[in-house]
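Undergrad: Sequence:
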Amino acid sequence: MKAPLFHPGQEVVCTNDDFTLLLVQNPNIQTPKRGPIYTVRSVYDTHNGFGITLAQINNAAVAPGFPEANFHEGRFCLVPPVEEVDISAAVEESVVA
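Position in the sequence shown (from 1) plus 49 gives the number in our numbering.
Think of the hints as simulated: they come from the structure by calculation, not from any bench.
Keep in mind that this is a model prediction, so the values were computed, not measured.
For every residue, glycine included, the Cβ atom is placed at its ideal position computed from N, Cα and C.
Distance ranges between label pairs, derived from CB positions:
| hint | residue 1 | residue 2 | range |
| --- | --- | --- | --- |
| 1 | A110 | V131 | 26 to 36 Å |
| 2 | V140 | P113 | 53 to 63 Å |
| 3 | E132 | I78 | 33 to 43 Å |
| 4 | L127 | Q79 | 15 to 25 Å |
| 5 | P57 | P129 | 16 to 26 Å |
| 6 | V140 | I106 | 32 to 42 Å |
| 7 | T95 | V140 | 42 to 52 Å |
| 8 | V140 | D94 | 45 to 55 Å |
| 9 | E132 | H96 | 37 to 47 Å |
Start from the sequences and build out the full structure, keeping to the hints where you can.
TA: Below is the structure:
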């Protein structure tokens with residue numbers, strides 16, 4: 050079996066925010082959108098692969114008695130690490146030029 054793509058605490062972005070089928074089943078579910086950065090809260094092994102829940106979205110109370118809605122990991126990608134830049138060196142270069 051493949052390992053999950055993500056683990057709790059990682060930052061991800063949604064690359065596919067078409068949740069039409071899920072919202073037809075339950076229009077009260079909050080879904081991720083393209084653009085914002087989300088933090089993986091939990092990873093679930095499902096019959097369709099791995100699903101994740103997000104720290105910024107809580108659907109626990111949407112369907113009492115059922116597991117919280119999770120989103121297939123294939124709809125997300127990791128946020129690349131941000132490169133640190135020494136701004137003082139950039140400022141010095143622009144002043145000299």
